[in-house]
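If you count the first sequence from 1, position 616 lands on 616 in this note's numbering, and the numbers rise without skipping.
Fair warning: there could be bad hints in the mix.
Computed Cβ-Cβ distance ranges for the label pairs, DEER-style [to be verified]:
| id | residue 1 | residue 2 | range |
| --- | --- | --- | --- |
| 1 | D265 | N419 | 14 to 22 Å |
| 2 | R434 | N712 | 53 to 61 Å |
| 3 | G37 | K488 | 55 to 63 Å |
| 4 | P450 | D399 | 16 to 24 Å |
| 5 | E271 | T457 | 48 to 56 Å |
| 6 | N137 | F599 | 33 to 41 Å |
What the hints contain is simulated information worked out from the structure, not anything from laboratory work.
These numbers come from a predicted model, not from an experiment.
Glycine is no exception: its CB is placed at the ideal position from the N, C-alpha and C atoms.
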Amino acid sequence: MDEKLLKPYDPKTTEEKIYKLWEESGFFNPDICIEKGITKPDAEPFSIVLPPPNVTGNLHTGHALMLVIQDIMIRHARMQGKNTLWLPGTDHAAIATQSKVEKLLEKEGIRKNDLGREEFLKRVEKFAQDSHDTIVNQCKKMGASLDWSREAFTLDEKRNLAVRTAFKKMYDDGLIYRGHRIVNWDPKGQTVISDDETIYEEKKGKFYTFKYGPFEIATARPETKFGDKYVVMHPEDKRYKDWQHGQKITLEWINGPIEATIIKDEVIDMEFGTGVMTITPWHSHEDFALAEKYKLDKEQIIDKYGKLLPIAQEFAGMKINEAREKIVDKLKSKGLLISVDENYVNRVATAERTGGMIEPQIMLQWFIDVNKKIPSRNNLPTRQAGKSLKELMLEPVNDEKIKILPSHFEKVYFNWINNLRDWCISRQIWYGHRIPVWYKGDQIYCDINPPKEDGWTQDEDTLDTWFSSGLWTFSTLGWPEKTKDLQKYHPTNILETGHDILFFWIARMILMSQYLLEEIPFKTVYLHGMIRTADGKKMSKSLGDKAIDPLDIIVKYGNDALRLAMIIGNTPGNDLKLNENDIRGYGKFANKIWNASRFVLEQTKDLDINNLPELDEEDKTSKEELDNLIKEVSKEMNEFRYSIVAEKLYHYFWHTFADIIIERSKKKILENKNTESAKTILYTQLTTLLKALHPFMPFVTEEIWSLVPTSNKQLLMVEPWPLSIDKDNIND
RNA sequence: GCGCGGUUAGCUCAGUUGGUAGAGCAACCCGUUUACACCGGGAAGGUCGUAGGUUCGAGUCCUACACCGCGCACCA
1 MDEKLLKPYD PKTTEEKIYK LWEESGFFNP DICIEKGITK PDAEPFSIVL
51 PPPNVTGNLH TGHALMLVIQ DIMIRHARMQ GKNTLWLPGT DHAAIATQSK
101 VEKLLEKEGI RKNDLGREEF LKRVEKFAQD SHDTIVNQCK KMGASLDWSR
151 EAFTLDEKRN LAVRTAFKKM YDDGLIYRGH RIVNWDPKGQ TVISDDETIY
201 EEKKGKFYTF KYGPFEIATA RPETKFGDKY VVMHPEDKRY KDWQHGQKIT
251 LEWINGPIEA TIIKDEVIDM EFGTGVMTIT PWHSHEDFAL AEKYKLDKEQ
301 IIDKYGKLLP IAQEFAGMKI NEAREKIVDK LKSKGLLISV DENYVNRVAT
351 AERTGGMIEP QIMLQWFIDV NKKIPSRNNL PTRQAGKSLK ELMLEPVNDE
401 KIKILPSHFE KVYFNWINNL RDWCISRQIW YGHRIPVWYK GDQIYCDINP
451 PKEDGWTQDE DTLDTWFSSG LWTFSTLGWP EKTKDLQKYH PTNILETGHD
501 ILFFWIARMI LMSQYLLEEI PFKTVYLHGM IRTADGKKMS KSLGDKAIDP
551 LDIIVKYGND ALRLAMIIGN TPGNDLKLNE NDIRGYGKFA NKIWNASRFV
601 LEQTKDLDIN NLPELDEEDK TSKEELDNLI KEVSKEMNEF RYSIVAEKLY
651 HYFWHTFADI IIERSKKKIL ENKNTESAKT ILYTQLTTLL KALHPFMPFV
701 TEEIWSLVPT SNKQLLMVEP WPLSIDKDNI ND
């Protein structure tokens, strides 16, 4: 009897040792599994790429959840004898990382422009490297069986080649274009961001109604109104039936008389306010669309620092917040202010990463055209020609080549794509993939490599971080090279992530893979819910100490306990309230397994495991019961019903194996009646349960396994799953 | 406004082809005979949000509504 079994299970001393054992075995790497005869060379491949955590700091509970679910999938597949790859990596996360470093520098009183691009990037890279090291270390603490030999970074050289290759191809196909379009400008971050990176916040503010010639118009933003010379109303609105579309009127406005043109359009909501509005095409998406429709003039009012331009005359150079009341005062003095609603609730767009208030602007930026038909080219497969990127994104989900779990997210996905506008991919930040475009006078050059002649300057901008993330399933496998990995492991089997990045990431991966590889990036999308605190709050950083740190939990209760708490009662798409009490309970379960194993090992010391004795009748029944359970859970594992499986195994181990079979066997052994059968059932059930529990509780099961006598000792992580997929038909 | 999800035992949640309601935790009673008190045994606890409908039969399917949460759009 091993002495450590005499004490309660101690995850702290066990887990680090076990992970080392796994890592040293090399079995996280599928090539080594084949080499060592664990996996058959022609075994079915099974691959998952890890959603790369941002190199902005530590892992949080959301990361822990994804690591747990994916590790269960991977360990199960590996035990099933599949050629199993789980590929790790981290994300440079462009804006998120840059703004984090900027904030840190700010504390030292340093601005990024003081350092210059090169020096600043060095600082960011140092920060990213440190974060990376922390993250890798944390992944290991989580027990993640990732193949570290294949680790990737979204901004390393190989991925940069993939990005340049992708950009060039899209540019040549006319799917990437540069143009003046209205974009979301973040004055705080001094960069453009995509529609998906804006967050709307409700803000209470003032809502002013002004006299505008013969009309009354309302606005929450008087400071944008200088250039308003179009007044819009609904064509059906009887109140304004005497006014004609295109009619011009002269009226007194902020800085004197102006000429305004009447526009009639259905976008107007007759019920809202007076049913009349003026438009500011340069600083509003909707107004821009209207101006495009009627070919109206567009004038810039606010510069990129949020200050008023000369068009504002006496207000020029003022910050918009400062100017607002002054402009209202002026209009009031001219008798043009009608009323002020002090309790108006406005929804303000803010930047996800910097919190800056978005100021829409018309700017020269790079875009991906999602509606343009892909041109037919010699080297382009006919499948894509004539289809738009939108269609390429819709197709595989429509055809169920890609299945989204839970399926109701498919509707959300379709809805997003149908409303999708061109994707703005250029960013005015330094940290990221530089746009592979060079300029010389009026000439533009786009290629994978810079032009050879002198005199060309590269575009200053970098790419949206999601551009490189979109390539993740295949850039990690070596694309654009035609590697063996790419051939073997792509499309990947499952993409497991939070439903909050369905649009940001999943849609973009489908787009890129469909376009560049003509194949889907993954077969199944498994979306987990958000982790919440016990009282239902979002587990965000702003919670500070109240947020649960997964690593603290591991130290306290062990990784296996945290895993079960994250799996049991958690179904795809639903949020999970993580509760320390539950984790404590599952820690007890780990100890229960430990203690039961002690008993079994003690009692079966003299059992000849290569020649197991016959079972008596009641033990035969127990054997059948467990066989059936394993059959059931094997099927459920393939259906991703991990919550059910974990619960069933937990329940069987505790309340059937421990409470009934062990107690019964105790009596038999004590009374010396059917002793051999008792020992056999104890041994066989324990070994079977350890295997079945291993994907869920890898540490405690592996540790016990090392003490179990077996005929051909190898790590539990590569033991065959207790139900062979060859033998039994469990697939439906 | 459009769409999605939730509403099941005190709490947290499972419940996949419709067939007399489940788990964990908490609470209650009993019990420490050597795997484990980080334990065992026992009992208790729900008209499955509301109102209709389909059906021999509905937590499960359909319709409407209520409340909670989320997403998208608009907010001049």
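Here is what the structure says about each hint:
1. D265 <-> N419: 14 to 22 Å: holds (20 Å)
2. R434 <-> N712: 53 to 61 Å: holds (54 Å)
3. G37 <-> K488: 55 to 63 Å: Given a distance of about 18 Å, which is not inside 55 to 63 Å, the answer is violated.
4. P450 <-> D399: 16 to 24 Å: With Cβ atoms ~41 Å apart, the hint is violated.
5. E271 <-> T457: 48 to 56 Å: holds (53 Å)
6. N137 <-> F599: 33 to 41 Å: Holds: the Cβ-Cβ distance is about 36 Å, inside 33 to 41 Å.
When the structure is compared with the earlier hints, violations turn up for hints 3 and 4 and for no others.
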